[in-house]
Amino acid sequence: MHGWMGKRLRVNLTDGRITTEALDPALARDYIGARGLGTRWMYDEVDPRVDALSPENKLMFVTGPLTGTLAPTAGRYDVVTKSPLTGTIAASNSGGNWGPELKFAGYDALIFEGKAAAPVYLWIEDDKVEIRDAAHLWGKQVPETTEALYAETRADARVACIGPAGENLSLIAAIMNDMHRAAGRSGVGAVMGSKNLKAVVVRGTGAVTVADKAGFLDTVARALPLAKKARITSRYGTAANINPMNAIGGLPTANWQESQFAGAEKVSGETLAETLLLRSKACFACPIACGRVTRVNTPKYRGEGEGPEYETDFAFGPDCLVDDLEAVTKAGYLCNEMGLDTISMGSTVACAMELFQRGYITLEDTEGLRLEFGNAEAMVEAVRLTGLGEGFGKKLQLGSWRLADLYGHAELSMTSKKQEMAAYDPRATQGMGLCYSTSNRGGCHVRGFTVGAEVFMAAMDRKATEGKAAFVIGQQNRQAALDSTGCCNMVGGLGPDLYGEFMTRVTGVAYDGAAYSKAGERIWNLERLFNLKSGLTAADDTLPPRLLHDPIPSGPSKGLVNRLPEMLPEYYSLRGWGADGVPTQEKLRDLALAP
Amino acid sequence: MSMMLIIHPDKCTGCRNCELACAMEHEGQFRLKASRIHVYGWEREGFSVPMMCQQCNEAPCTTVCIPKAMQRNRATGQVDLDAAKCIGCKMCVQACPFGNAAWDFATEAILKCDTCNGDPACVRFCPNAALEWVADTVSAQVRKRAFAGKLKQAFLEA
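Protein chains in written order, with my numbering: chain A, 46 to 640; chain B, 17 to 174.
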């Protein structure tokens, strides 16, 4: 095989059995890799109704066929499992260098099953694989864990691990690799913690091979300058989005009570570049380098690390009404160190702030934490407590939906399927409402992203609903395929023809743009089937009532709500699903998902 | 004209495109262990430095090479490795003060930058111009000018 390594490693943590299995070439062709292949295996091996934190759930680390090659941004892998936060399939994507290293070690994927009796980590050095004791690492934060593992394995090994949040089974815990990169969303870190698996350490010396070398290099030479076009992101990071989103009145503020933030400029990517930024940092094979290496010297928020990127910036900035970029940056550092998803963490603090504002929780509930909007110090402390699972952090670590529900106000949780949404108010950008509500992993901006067309390029009317269903479906399918290749959504704009070409030249299996998009559609539908089997229904394809009923109170998007009911039936219909949101047999046959 | 590879660590983002391009150029596959260039990264500081053969003038690898497989090429200003003459004694690996010659156990060959015969793949695929292939007289000027600029700034601010 080319591109694919042709092998996956299965590790049973209950009995310590480690087996190497051959990759099924037909499945690889149809599901590509990473998100797609992982979902197929989850569907085949795990009952979608299992408790996500039980030993019956499986935890899969899956690379794509392009991972480890020179295709722009081909450094990614997906963590695929059942999410304890949403109850849906989870596929959390991360960059850095860990994914390629797994392939150089000879494997496309790792599948963890069962649960270790005591904390362990896995050490992979090419074909040498061992489960090692991790008692001495338990309780350690991500940077300390990572460095301790460099020291006891190899300095050039790559580490993916959980921090205290994953150990404490926080439902918003991330898996961190290469210290600063996160498989952030859907609580995958808690699944790792539930298995007593602290880390996976990899060193590989083998090769990823390519079917058509000359052709591949030719495609790379054409793709590289196009990928570099994301210059604004190279210069200001993804937080370059703060100002344009604020300008149109689409930047969620104060737990989405407003959609413009007076302090936006102070927390913008431009301000970050002028103040805390030391340099840009790239993931493997990425010409964009959106990563922000930053340092804060002010004693109160002292720290060093990466970020904030746009979503982190929104969640701790506008959403908590905090305009102190150093506090926002510090909160992001703490998330990385504790192993927490920044979007869910920040949004959960924002939700707590609104509960506090409205008197639904008191100082007694928060154990003295004065969670007023704009209180930067309380926000940072809330993150620390959540990471450590102490005090009010024990409640925050459940995510905003369960937190708000605990106090009888689930409507104040800005989530879809219990997962916090990203920094694009769907009242201001109608298409995003459809993306959030139909996302197969709950609130998410990388399961379809209409903001590029609706705002940045202004190619579509952001306030209109016409044509959005078809547009979102196309995006969701292509994103599913792109994630499965092992490339980053930052190059998603390069289009399916180019990535189909990469797939063909790397794997030797013919994919044109249509076959590539079709694979994406197959993956999307399989995710849907998993979720339906887990008990979700069309009723879950929705948004918080605030976004459907409460118009944006002021600014350029004043008066708007999201008109989801105008889009959703068309979406189901164009998807080939019934009015109940269930894929028809005809559609499933068309996608080879039914005989 | 003699050319040389110049590294600008301040422009390196750690993407490792150079390693990938080098491995493909020389090995026909993405086996980064066999790249002639490696990027060393420090995660905590978020800093990275590419390392490859400096084509030394008084190259220790040539001095210790008994079969004279490693020899300085006066015309190009580079240190050439004639693989046909190499006996695999690995003395060059031990002699290189920078660790820029390596032994590849997979192919049983010495790995050393050959500048892709004057068109280095690492430079072609570096998206940030952190690697440059320049006439050696120019390369020194680049650094000098950059530093002179800093001095200028210091004097202007003083």
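No wet-lab data here; the hints were simulated from the structure.
Careful: at least some of the hints might be erroneous.
With a cut-off of at most 25 Å between alpha-carbon atoms, the simulated BS3-like pairs for lysine-lysine come out as follows [what the hints assert, rightly or not]: (1) Lys27/B with Lys273/A; (2) Lys27/B with Lys274/A; (3) Lys106/B with Lys49/B.
Here's a subset of chain A near chain B, in silico, CB distances under 8 Å, partners left out [stated by the list, open to error]: (4) Ser99; (5) His225; (6) Gly251; (7) Gly260; (8) Leu262; (9) Lys311; (10) Lys326; (11) Cys331; (12) Val338; (13) Tyr617.
Computed footprint of chain B on chain A; a stretch qualifies when at least three of its residues, placed anywhere within it, have a C-beta under 8 Å from a C-beta of chain B [said to hold, decoys possible]: (14) 109-118; (15) 472-482.
Glycine included, every Cβ here is placed at the ideal spot set by N, Cα and C.
Do the hints match the structure? See the list:
1. Lys27/B with Lys273/A: Cα-Cα ~15 Å, so holds.
2. Lys27/B with Lys274/A: Distance of about 17 Å is within 25 Å: holds.
3. Lys106/B with Lys49/B: This hinted pair holds, its Cα atoms lying about 17 Å apart.
4. Ser99: With Cβ-Cβ at 33 Å, over 8 Å, it is violated.
5. His225: Because about 7 Å separates His225/A from the closest Cβ in chain B, which is inside the 8 Å limit, the hint holds.
6. Gly251: Interface hint status for Gly251/A: holds (7 Å vs cutoff 8 Å).
7. Gly260: violated, 12 Å
8. Leu262: Leu262/A check passes; min Cβ-Cβ to chain B is 7 Å, inside 8 Å.
9. Lys311: violated, 24 Å
10. Lys326: This interface hint holds because 5 Å falls under the 8 Å limit.
11. Cys331: holds, 5 Å
12. Val338: This hint holds: Val338/A lies near chain B, its Cβ roughly 3 Å from the closest one there, short of 8 Å.
13. Tyr617: Given a least distance of 41 Å, the restraint on Tyr617/A is violated.
14. 109-118: Since three or more residues must qualify, the claim that chain B covers the segment 109-118 of chain A holds, with 3 doing so at under 8 Å.
15. 472-482: Contact hint for the segment 472-482 of chain A vs chain B: violated, 0 residues under 8 Å.
Checked against the numbered hints given earlier, the structure breaks hints 4, 7, 9, 13, 15 and satisfies all the rest.
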